[in-house]
Amino acid sequence: MRNPKAPDQGKGHGREVSFIINKGKRKANYTDRMKHRVDSTKGKLIYSHRMSVIEPVFGNIGTNKGLNRFS
Numbered sequence: 005m006r007n008p009k010a011p012d013q014g015k016g017h018g019r020e021v022s023f024i025i026n027k028g029k030r031k032a033n034y035t036d037r038m039k040h041r042v043d044s045t046k047g048k049l050i051y052s053h054r055m056s057v058i059e060p061v062f063g064n065i066g067t068n069k070g071l072n073r074f075s
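Using this note's numbering, the letters of the sequence shown correspond one by one to residues 5 to 75.
Hints should not be assumed to be uniformly reliable.
[Said to hold, decoys possible] When the alpha-carbon atoms are kept at most 20 Å apart in a straight line, the in silico EDC-like pairs for lysine to aspartate or glutamate are as follows:
(1) Lys48 <-> Glu59
(2) Lys46 <-> Asp36
(3) Lys31 <-> Asp43
(4) Lys69 <-> Glu59
(5) Lys48 <-> Asp36
Everything labelled a hint here was simulated from the structure, so no lab data went into it.
Produce the complete structure using the sequences and hints provided.
This is the structure we're talking about:
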């Protein structure tokens, strides 16, 4: 599930999630605004940093500590 508008689409990079695109005119909601922010050059840089800093922490909590839910 890739972002067809991403300039690096042919390089194996892109979105890991898909969204249903509604062709009708509507005001941009929070999801649309965040997709736009994450797909920007600055957003990709920030998100790649998050993947290397934050995600291993949650992986450690889930795998090594056996805590797989936060409620």
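Tell me, in ascending order, the numbers of any earlier hints that this structure violates.
-> Per hint list: zero violations.
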